[in-house]
Amino acid sequence: MREKLIYALGILGTLVMIYNLHTIFLDLPDEAMQGAVYRILFIHVPAVLNAFTFLTVALCTSVAFLSTKKFIYDSISVACIEVATAFMLVNLVTGSIWGRNQWGIWWTWDLRLTSMLICFLLYLGYLLMRPAIAEPTQRATMSAFIGIFAFADVPLVIMAIRLPNVRTQHPGPVLETGGMDPSFNAPFGLGMLALFLIGSALVLVRLHQETSRREIDSIRRELHAV
Amino acid sequence: MHAVAADRVWKYFGDYPALRGASLEVEKGACLALLGRNGAGKTTLLRILANLSRPTKGAVTLLGISTHTEEARRRIGYLGHGIGVYDDLSAVENLILFGRLLGVENPAAVAARALDRVGLTRVKDGLAREFSRGMRQRLAVARAFLHEPELLLLDEPFTSLDDRAVAVLQTLLRDARSRGATIIMSTHQIREAMELASHVALLERGKIVFTGPQTTEMLLDPGWLYRTYGEPQA
Amino acid sequence: MRSGLIAALAIARKDLRTEIRTKESLTASLSFSLVILVLFSFAFDLGREELYAISGGLLWLVYSFAGALIVNRSFARELPNDCLDVLVSSPAPGWSICLGKTVAAFLLLVTVELITLPFFGLFYNIAWWHSAGTLLLVILLATWGIAVIGVSFSAVTVNVRLRELMLPVLLYPILIPLLVGAIGITTALFSEDPQMLSANGISLQLLIVFDIMYTALSLYMIEFILIV
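Residue numbers (this note's numbering), protein chains in the order written: chain Y, 1 to 226; chain W, 1001 to 1234; chain L, 2001 to 2228.
For the record, the hints were derived by calculation from the structure and aren't laboratory data. Glycine is no exception: its CB is placed at the ideal position from the N, C-alpha and C atoms. A few of these clues could be false.
[What the hints assert, rightly or not] Derived DEER-like restraints, expressed as beta-carbon distance ranges:
1. W:Gly1180 with L:Ile2006: 43 to 49 angstroms
2. Y:Ser212 with L:Phe2042: 48 to 54 angstroms
3. Y:Ala152 with W:Arg1191: 52 to 58 angstroms
4. L:Phe2042 with Y:Val93: 30 to 36 angstroms
5. W:Thr1228 with L:Leu2009: 49 to 55 angstroms
6. L:Ser2031 with W:Ala1112: 47 to 53 angstroms
7. L:Ile2020 with Y:Ser96: 46 to 52 angstroms
8. L:Ile2006 with W:Asp1007: 32 to 38 angstroms
9. L:Leu2122 with Y:Ile97: 45 to 51 angstroms
10. W:Ile1065 with L:Ile2006: 18 to 24 angstroms
11. L:Met2001 with W:Gly1021: 33 to 39 angstroms
12. Y:Ser212 with L:Phe2119: 52 to 58 angstroms
13. Y:Val93 with L:Pro2194: 37 to 43 angstroms
If we strip away everything but chain Y, and leave its shape as in the complex, we get:
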């Protein structure tokens, strides 16, 4: 049942993505100022929005684990954070490619890029710490703790990077100001959906892997005890 769900989500997400890419590359014209490369934004922005969606889920499940001590919540947390970190990396790489094309440089320390890099590092630390703790209950508890601290830092990071001593080169937010051409809305929405479906499929795969690993670990301990 679970496997069918994973396949369904994965295939659906891939199909939506392919359809979307088809639309983006063949139907939409080149943008006036940016040329062809603007198309990368249809992956760049949905990646970060999905990343934050999964991070929010991970926050809720981290709190849930600390309250209930049920391991399913820990497994969901780590799966969501892994997928979110991957999406943040996609965001950074696509942003870098876009920046190289538009500004001539692979990287710059502007507001959003810097905030994204810091958030990426925050959760990378979480992922690096997990394998270093052997005992599952301890690992889950420490991870939940770090996960909550990391999430609390995100608004502070955004606040800090807005401080006067940081330059800004990143283009302003487009979604809020409504400066985007209406014909972009559909591919954008579909891009969000595609990444969300693929991301969910990956979360479920990781969830299953984490649960199996715990079962094997407990069987091994059982054998040693006898």
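Starting from the known structure of chain Y, fit chains W and L onto it as the hints suggest.
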């Protein structure tokens, strides 16, 4: 009201249950020897009683109140595997620190008295790191008995004690019993435990399979309990 | 509550006493700070203007490296002889253990920072005493943030493999907002540029928000870490 009541306690490490519904009731003033093979869960159970670990399922009450309260912890003395004293503090500094943490009235006086009982008054200003092994063990015992706790939790206390430390511990345990304290002692050294114990419990693979007063049979042949109630060895 | 504060004070005194006796992390931290200061002078060969522009950053880099060394010891010193078990099983509530250790780490780190500061002024020719009051305030606020996060993470990583590596990996990203704020104000103070100073008023608020939020989180959540 029981001194200690553990009601169907489960403890999971990951998916592995170290304790599987262990239930235990200990009367006030009893001295319980908690027996069990390695890996049975003795240390896990004692750590839960000492508030070092949370049970996954089940409840534990000490003297009628939950272990998680300050009130309960104030009345416990815990002696685990490690000696629990700071190497870089002197003997008296260690005991005054713990006295303050335990909320005793006059930490300095209480510390002095405790050092006297374990025979360390002469070296009270020496750093714990300079002590011999036996002296460190006696300091650990002084720490556990510092505030004359109503409930003593001792995890394999006689393991690796030298003769003098064993004698000190046995004296302190008898004194504690005579003032009505409850003692739970997990142990491998069945003989020493049986001499002091009034009750016995056997923990086997996370479950309490036997609990009851000590009998002459157990005293004469400590292995009898394992053979009668324990699981057959592979 | 009162007994919790007494316990916190006893634990803070114990940490300070053992540290003063052994001088383990104090010496390491101080030496490391001075070495880094010297190293940076070789890394950057700058004229006066550019030096002022990076002065805050330099100082807080040195302070954060020193800080990692000090907070790493915080819970690590409870490992020998299973002393952590004794602390946790005592009536002292989790928050008082965390508070006591944070106060001790804070005092140790401030000591290292205040000793390092004159050397910084000497090597880089920066007149830090002109706005000593505000500078001290920034140092105290930012150091409290480093101490409170560092001590909680020290509790998390105490049983983790490669603790000395894992603690900085977790610590520094979280501290970035705090450090950015502190660096901004410090650079403004050293440059004595009034425009910069007024623009950085909000940085002080950021430091305070950071401190309050993470102090509350740490004190509230430390029990989950200590009693698993």
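Need the list of violated hint numbers for this structure, in ascending order.
Structure breaks hints 1 and 6.
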